Each structure stands twice: as structure tokens, then as C-alpha cells.
Amino acid sequence: MNTQFKKGILEMCILAIISKKDMYGFQVIDSLSKEIDVNENTVYPILRRLTGQGLFETYVEQTNVGAPRKYYRMTELGKKKLYDYESEWRSFLGGVFRLLGGNINES
Amino acid sequence: MKAKYLNELKEVLIEYRASNKDLNDILSDYDQLYEDALASGKTDDEVWQMLGTPREAANELIDTLQRRKEKNIKTKIIAVMPFISLIVFFVLGFYQDLWHPGWLVFLAIPMSAILLQARLKDGIVALMPFLSVIIFLILGWGYDLWNPGWMVFLSIPVVAILLHTNVKELPVAISPFVAVIAFMILGFEYNLWNPGWLVFLIIPMLGILHEKNLLKVFVYELSFALAIGFYLYMGYVEGSWGYGAIGFLLPVAMGLIFGDVKFMVGNFSEEERKKAITMVGIIVVAIGLFLALGFGLGGWAWAWQVFLLIPVVAIILFDKVRLTALMPFLAVIIFFSVGYFFDMFHISWLAFLLIPITAIIENA
Chain A
1 MNTQFKKGIL
11 EMCILAIISK
21 KDMYGFQVID
31 SLSKEIDVNE
41 NTVYPILRRL
51 TGQGLFETYV
61 EQTNVGAPRK
71 YYRMTELGKK
81 KLYDYESEWR
91 SFLGGVFRLL
101 GGNINES
Chain B
1 MKAKYLNELK
11 EVLIEYRASN
21 KDLNDILSDY
31 DQLYEDALAS
41 GKTDDEVWQM
51 LGTPREAANE
61 LIDTLQRRKE
71 KNIKTKIIAV
81 MPFISLIVFF
91 VLGFYQDLWH
101 PGWLVFLAIP
111 MSAILLQARL
121 KDGIVALMPF
131 LSVIIFLILG
141 WGYDLWNPGW
151 MVFLSIPVVA
161 ILLHTNVKEL
171 PVAISPFVAV
181 IAFMILGFEY
191 NLWNPGWLVF
201 LIIPMLGILH
211 EKNLLKVFVY
221 ELSFALAIGF
231 YLYMGYVEGS
241 WGYGAIGFLL
251 PVAMGLIFGD
261 VKFMVGNFSE
271 EERKKAITMV
281 GIIVVAIGLF
291 LALGFGLGGW
301 AWAWQVFLLI
311 PVVAIILFDK
321 VRLTALMPFL
331 AVIIFFSVGY
341 FFDMFHISWL
351 AFLLIPITAI
361 IENA
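Sequence lines, in order, name chains A and B. Each residue of the first sequence is one higher than the last, beginning at 1 in the working numbering. Each residue of the second sequence is one higher than the last, beginning at 1 in the working numbering.
One or more of the hints may lead you astray.
Claimed, not checked - Here are the simulated EDC-like cross-link-like pairs (lysine to aspartate or glutamate), alpha carbons at most 16 Å apart as the crow flies:
id, chain 1, residue 1, chain 2, residue 2
1, B, Lys10, B, Asp29
2, A, Lys70, B, Glu35
3, A, Lys79, A, Asp22
4, A, Lys6, A, Glu88
5, A, Lys21, A, Glu76
6, B, Lys42, A, Glu40
7, A, Lys70, B, Asp36
8, B, Lys10, B, Asp25
9, B, Lys4, B, Glu56
10, A, Lys6, A, Glu86
11, A, Lys21, A, Glu61
12, B, Lys21, B, Glu11
13, A, Lys7, A, Glu88
14, A, Lys6, A, Glu35
15, A, Lys70, B, Asp25
16, B, Lys21, B, Asp63
17, B, Lys42, B, Asp31
18, A, Lys70, B, Asp31
19, A, Lys20, A, Glu86
20, B, Lys2, B, Asp29
21, B, Lys4, B, Asp31
22, A, Lys6, A, Glu40
23, A, Lys70, A, Asp22
24, A, Lys6, B, Glu60
25, A, Lys79, A, Glu57
26, A, Lys70, B, Asp29
27, B, Lys42, A, Asp30
28, B, Lys2, B, Asp44
29, A, Lys7, B, Glu60
30, A, Lys7, B, Asp63
Said to hold, decoys possible - Pairwise CB distance ranges (calculated):
id, chain 1, residue 1, chain 2, residue 2, range
31, B, Ala314, A, Lys21, 44 to 52 Å
32, B, Asp63, A, Asp37, 17 to 25 Å
33, A, Asp22, B, Ala314, 42 to 50 Å
34, B, Ile14, A, Glu57, 21 to 29 Å
Unchecked claim - Short, incomplete list of chain B residues facing chain A, as computed with Cβ under 7 Å:
id, residue
35, Leu33
36, Glu35
37, Asp36
38, Ala37
39, Met50
40, Gly52
Everything labelled a hint here was simulated from the structure, so no lab data went into it. Model, not experiment: these values are computed from the prediction. Here a beta-carbon is modelled for each residue, glycine too, at the ideal position from N, C-alpha and C.
So here's chain B without its partners, still in its complex pose (with noise of 0.2 Å):
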């Protein structure tokens, strides 16, 4: 854990550009602080709330620190880049009467910063944005694909979480991403909104496969099977589709049985217990808020909404609140609801920007 702690806070100190001197410095201090905090008695966890985060004691340092100076040919050629574009664009311009598109040629102006600032991973994360606007514009004017090619977007937070997730919870961390991009396909060409939005139970069906006891996975894999069977046999075969989601509360009891809220009862505080009781209610209502806009206004296409309510309240809850960790989930309500609601797609995309800037807002 210590290892875990010291290797962050470097990463973290590299990436404010921290001088050498202050690296080795700050890194033997926290090493020493970490040690004499563990023979004091406390645990790695205490350990780690009382240094705080690597993020944070880098956050709080950053003021002690004598940045590293930046490589003269990188800054000349980011001071530089603004002039570039310009005159690339007034020869596009007037040679070429390509006014438009060439202002396309001042997002060089942006890419090279990043390109040449940030490191590899952030560089492209960073990238993803840009160089999303450039394909849908020509996807856009070139092939009049405006839709579908708006879903080029969602590369931004894909890309992210490629670069950044353990290959082991990749496949969890993207399955909401390729839930929306089916359940639009399935929407949108066929018309499958009900029961298309079943495809989003592949998250905690994914989520399901880190359990270490192979029964219990079994157990719940056969639950969620068994209620996604009833209730498509229920629906089609029956035609009662609210009948057919009762069958959901097979995995719900399946979860009781296990006692995966345990914590309802175990020895927890009361500040823990109230938290997670607000959590079970948070998804307790996303249900009943999800089948009612479902099945009382035919909502199945914007309604799946409401379950990004549960992991915004469960960073707020048990995260430190910050805008940067809640905004792809604004984000993609903002997108989908402009998009959907008001048909424009083409312009909701820009919610997605937001992501970004408020994390470059909020760690600036």
C-alpha cells in the first residue's frame, strides 16, 4: 500500500511538472511520514485519510513546488502554432476559397498543446474531443451522416476508460457505453425500445463475473436469465409485459438471499448505515421511476435515464463531491435528453465538452 501511495504521488507531482529535487524531496518526506504513521499504529487506510489522497497532498504541495522547465522547442512550437493556422487558413481562404472547412486548421492550435504537454495516456484522452469533432464534421458534410455519426462521441469517454481502467474491470467499465449504443441501435432502426432497454442488465451481469464464489455468480447469472426469459416470454407471448417484470425480483431476492445487504444490518456506524440505506433507496426508486415512465407514459426510450441517478448519488455519498467525477453522467443525461427530446443530436454532442473543461477547470 505504501508502494501504491508513493508510486500515485509521483505520477501526480510528475504530471504538475515538479522539479527533481522536489520529487526526491517530497517522496522520501511522505515515505518517512507513511512509516512513522504505520509503527504508531495506525492501518494503511487511516494512513492514507490522514496523508490524504496522492491527489490531494500533490494538490496541497503545489504551491512548495519549482516547476521543471519545459523544453524550449516544445513551447516555441505551441507559441507558435496560433500564427500557423492563420496563415494556413488565409491560403485555404483565398487560394483555395476554403474558408470552410479550413477553420478546422485553428483546432491545431489546441491538439499541439496537448500533444506536445500532456503525457502519452492524458495526450490522447485529451485528443479524443478534437479529433471526434473533425470526423463527425467530415462524416457530417461529407457524407451527410449526422446521425449516426454523432456516436463517434462517445469514443471520448470510451477512450478514457481504455487508458485508464485494469484490463480486468474493462469489460464492466465500457458495458455501459455499448449498452446506449445498442439500445439506440435497437431503438432508433427497430424500434425495439421495449424490451431493447433489457440490454443494459449486461452491467451488473458483467459486474457480476469479479465474484470470487463461482456459486453465487452461477446463482445470479441463472436469476437474471431466468427473469430476462419471463419477462420477454410474458411480453410477447402473453402480452403482458408488466406482469413479465415481476421476474426482476428474482436476482433482487437472490441478492437478500446472499446477503449482499448485509451492511442493513452488520456492525456499521450510523453515519454508514444511513448512506447506504439512501443508496438501496436511490435504487429502489430508479426502478419503480424506470417501469413507471415505461409503462405509464411509454417512455422506454429516455427513461433509462433514471439509473444514471444511482452511481451519481454513489459518488456523492461516498466519494469526495467532485463536479469532474459527476459530469460524464450529466453529460450523457444532457446529450441524449437534447438529442431525443428536441431531435438534435447533431448539437447535443457538445455536452460531452463539458467533461473536459470542468476537469481542467476543477484541477487548474
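Here chain A stands alone, though its shape is the one from the complex (with noise of 0.2 Å):
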């Protein structure tokens, strides 16, 4: 698999992750790493590249103990993005599973 379409990919896991709740980063790479196998140093600068593109837009929170939070909130733009890349996704996936004999919705 190569690089470009496992990038795609996660930033499509890591739309899907924030579009449920706000994160943090920390929070977001630990979720991530719990589901998928991942290279965590490469979370952070998808994130940030996501804000940059408007998918994402952030605020600070102050927590307990220690400095305050960035947390990761999804924009309407994302909303959007995510859902286009989950039926370019789950068409693809299609293919594939009809291609392999079974069906998507099995697994």
C-alpha cells in the first residue's frame, strides 16, 4: 500500500474520530493507535494540515492540572469532506469485495 493512499486514509480515520467529539492531539493519536496500526509521528502534522485547510478549527480549554488544552473541533467543510471521502471509500471497498468473492457488509 503506498504512502499517499495510507495518508488518505487516516486523515479520513482522524475526520471520522473528531467528527464524533472534540479532541486533543494526544487524544486523537492515542484513539487512532488503539484501532489501527499507525505511525503516530505522522498524526500531529495531518491534524495540522487539516486545520490549515479549514476541516478543522481549534480553541483552548483550561484543564485541572497543567497548561491549557488545544482541542480540535470540526467545521462544516470537514463535515463535507468526510463525507465525501467515506463514499469514495466505502465505493471502493465495494469493488473490492465484490472483486474477492464476498461483501462489504459481511466483515
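Each of the two chains sits in its own frame; use the hints to bring them together as a complex.
Structure below.
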């Protein structure tokens, strides 16, 4: 699987995670690495890139201990991008499963 | 460790000309990531692994950076330097008939770019190949000192090490080059290839000085001294260099006694154990090969290159495989082999240019 393809999937996963709830950087890395085998050091740069593209916005929240944390929240543009990603991905997976003789819903 | 990580990251980002806004933003985020990771129970090593080395992190971030605008005057000087060089070249050629070595003025193009764009330390390191070429050509054309003039090229890695190594580690880092120079002077000038190769033992003997246990330092140094003494005695007095080499089993035995090979039986993962066994194997093979080539083919002059296999394999096994890290060793092999076997030291120094070229290509 080439790096670009992997990065695309990773972007989609990050979008999906943050669409469920606002998260801070380490939380995103932690949630992702629990589910998929991911090169953890690529997550923050992707977060930053997606924020730069306007798919996330950030805000700072005080914590009980230590410095305030930066949270990432999905924007409307981000939701649209996630929808596009998901459609593409499901269509791609559907094709792959058809070729393999299975069904996308079986898994 | 966190401060070290953030400082290194800051240095790389400055090198990549990140704007102040990006710099502050990223450093603050990494500060937070580091703190959160520590709070989750990770060790510093695990955090470094999670975040990647500062350079890896910066490489991943590079396309998210807004680069600082260059200072105009510097950019302008760099931009006009090719034209200035061309004018100077023509003036020297037409009016003074100095086409040769007038072409040297073209070296001002990369040199000005390096001087004006790189940070001081990196700039000096990057300038060394050009300065070395100029000094080498002056020595060669001016004084017919092609040999040993080529030795100025050893200044390229030496200066890089001098500027990037801690004072404490400097003697060890510089010792391979000192050993190479001493070995070649002993070989070429006095035909002392053997036992001249013994000068390479200064590398481990200096390395051991970093050990905190003074008894261990003393025993190791003594074992080396005895081994060298025995080797010289057997060679010169008894005429048997081969038996003399047996003496070097003494420092090896000390290593076993002190448990410096304890990783072989320690509580390490399967992968680490395999790597350790491979390293020990490579060291044994290198020593065996060196002695075989020395005694079998009389190749004392060139057989020492097999020892370069040891750091090369160590880099491949324990570090991320990067040609930049391997190239100094490969360059030394190419340089020496082409120079020695084809009597082309006046050309083989070009191999050292592979070091900056590889670094530029790999880090671009």
C-alpha cells in the first residue's frame, strides 16, 4: 500500500474520530493507535494540515492540571470532506469485495 | 528530555525557515503532546518514539510550514553571483590570459549561497569541500604537491565532526581520521603498513576512557598495551607476527569477563538478541578478514577497510537506514581503494563530495 494512499485513509480516520467529539492532539493519536496500526508521528502533522485546510478549527480549554489544551473541532467543510471521503472509500471497498467474492457488509 | 526534544525540534524548524508563528504554534503543540503522553504513563523514550525524532517530525510538518521570507539583500547577492563570476572569469581570461585557473571563480556561486543562507556551523561544514578543492589545486598546480596535498580533503569530515560533536566525545570521533593519516604516513613514508595498522587501536582505547568504572578502564588499557607489546615483541624479536596476533585475544577476553557482551544472555527481545549476535559476528568476521588479508595477501595497507563494515552494519541495524549516515564510510572506502589500487589519489578525493551530495538529496 503506497504512502499517499495510507495518508488518505488516515486523514479520513482522523476526520471520522473528531466528527464524533472534539479532541486534543494526544487523544487523537491515542484513539487512532488503539484501532489501527499507525505511524503515530504522522498524526499531528495531518491534524495541522487539515486545520490549515479549514476542515478543523481549534479552541483552547483550561485543564485542572498543567497548561490549557488545544482542542480540534470539525467545521462544516470538514463534515463535507468526511462525507466525500466515506463515499469514495465505501465505493472502493465495495469494488474490492466484489472482486474478492465477498460482501462489504459481511465484515 | 522534553526540553531537549523541543530544542532540537526548534533548531530543525529554524533550519527549514519556519515562520515565527508556525514555530511558536508547533512548539506549543508538541509541548502539550509530550506532557499528555507522559501523563498517560509513557516513558521519555516511548514519547520520542511516538512523536518521531525532531527531524522526522519536522520532515512530516514541512508542507504545513509558511516559510520565512528571505532577506532581500542576501537573495539578490546570490542571484547576481553567477553574472559577477562570469564577468570576473572573462576579465581574467581576456586581459590576463588566466582562463586557467580563472575558472575557480565559479566556485564563488555555491560558496556565496552557502555563506548567505546556511547557519554558521552548517555553512562552514558545507564550505569545506570547496575550500578543500581550492587548497588542493593550489598545492597541486603551485607546488606539485598533489600527494600528500589530497589529505586536505580529510578536513571535510573532520570539520563536520569538530563543529557537531560534544567536546567530551571529540577525541573518539576524531580518532579514526587521525588514525588514517598516521597509518598512511607510516605506510607510504616508512613502509610500516605492519605494524602501522596498530594506530587504529587508538579508536577503542580512547573510547574506553568514557567508561565510569576506573578499574575497568585501567584493565582494558592494560590489556591493549600488553597485546600491542606482545605483538611487537613476537613480530620484531621472534619474527612471528601471526603468533603475536594471538595477544589481541586478551582485550577480547577482558570484554567477556567484564560482561560487555552481556546482551547475549540478558533479558532482551528476540530482535535485539539477533542484532547483537549479528554485531558480534561482524566484529569477529572483520578481525578475521583483516588478519587473513594481512597475513595471506600482505594487504596491511588496505585490509583495514574491512573495519569500516562494523559502523556500517551498526547503523543499518540500530538506526534508520539513511545513506547520509553511511556515506562517510563508503566515501572513505571509495577514496582509499581508487587512490591506492589505481594510484589516483588526485582524483579519488572526489568520493568525499558524495557526502554532502547525498545529504542534500536525502534531506531535500
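Hint check:
1. B:Lys10 with B:Asp29: Roughly 12 Å between the alpha carbons, so the hint for Lys10 (chain B) and Asp29 (chain B) holds.
2. A:Lys70 with B:Glu35: Distance ~13 Å between Lys70 (chain A) and Glu35 (chain B) Cα, so the pair holds.
3. A:Lys79 with A:Asp22: holds, 13 Å
4. A:Lys6 with A:Glu88: It holds: about 14 Å lies between the C-alpha atoms, which stays within 16 Å.
5. A:Lys21 with A:Glu76: holds, 14 Å
6. B:Lys42 with A:Glu40: Given pair Lys42 (chain B), Glu40 (chain A) holds - Cα atoms ~14 Å apart, limit 16 Å.
7. A:Lys70 with B:Asp36: holds, 12 Å
8. B:Lys10 with B:Asp25: Since the Cα atoms of Lys10 (chain B) and Asp25 (chain B) sit roughly 11 Å apart, the hinted pair holds (cutoff 16 Å).
9. B:Lys4 with B:Glu56: Distance ~15 Å between Lys4 (chain B) and Glu56 (chain B) Cα, so the pair holds.
10. A:Lys6 with A:Glu86: holds, 15 Å
11. A:Lys21 with A:Glu61: holds, 14 Å
12. B:Lys21 with B:Glu11: Status holds; Cα separation ~15 Å.
13. A:Lys7 with A:Glu88: OK: Lys7 (chain A) and Glu88 (chain A) at ~15 Å, within 16 Å.
14. A:Lys6 with A:Glu35: Holds - the C-alpha atoms of Glu35 (chain A) and Lys6 (chain A) are around 15 Å apart, at most 16 Å.
15. A:Lys70 with B:Asp25: holds, 11 Å
16. B:Lys21 with B:Asp63: holds, 15 Å
17. B:Lys42 with B:Asp31: Judged against 16 Å, a Cα distance of about 15 Å means the pair holds.
18. A:Lys70 with B:Asp31: It holds: about 11 Å lies between the C-alpha atoms, which stays within 16 Å.
19. A:Lys20 with A:Glu86: holds, 15 Å
20. B:Lys2 with B:Asp29: holds, 13 Å
21. B:Lys4 with B:Asp31: holds, 11 Å
22. A:Lys6 with A:Glu40: holds, 13 Å
23. A:Lys70 with A:Asp22: holds, 10 Å
24. A:Lys6 with B:Glu60: The hint holds at about 14 Å.
25. A:Lys79 with A:Glu57: The hint holds at about 12 Å.
26. A:Lys70 with B:Asp29: Measuring from Cα to Cα gives roughly 8 Å; hence the hint holds.
27. B:Lys42 with A:Asp30: Within the cut-off at roughly 12 Å; holds.
28. B:Lys2 with B:Asp44: holds, 8 Å
29. A:Lys7 with B:Glu60: holds, 11 Å
30. A:Lys7 with B:Asp63: Roughly 14 Å between the alpha carbons, so the hint for Lys7 (chain A) and Asp63 (chain B) holds.
31. B:Ala314 with A:Lys21: 44 to 52 Å: holds, 46 Å
32. B:Asp63 with A:Asp37: 17 to 25 Å: holds, 24 Å
33. A:Asp22 with B:Ala314: 42 to 50 Å: holds, 46 Å
34. B:Ile14 with A:Glu57: 21 to 29 Å: About 28 Å separates the Cβ atoms of Ile14 (chain B) and Glu57 (chain A), which means 21 to 29 Å holds.
35. Leu33: holds, 5 Å
36. Glu35: Interface hint status for Glu35 (chain B): holds (6 Å vs cutoff 7 Å).
37. Asp36: holds, 3 Å
38. Ala37: holds, 6 Å
39. Met50: Hint on Met50 (chain B): holds, closest Cβ of chain A at ~5 Å, below 7 Å.
40. Gly52: Check passed: Cβ of Gly52 (chain B) comes within 3 Å of chain A, closer than 7 Å.
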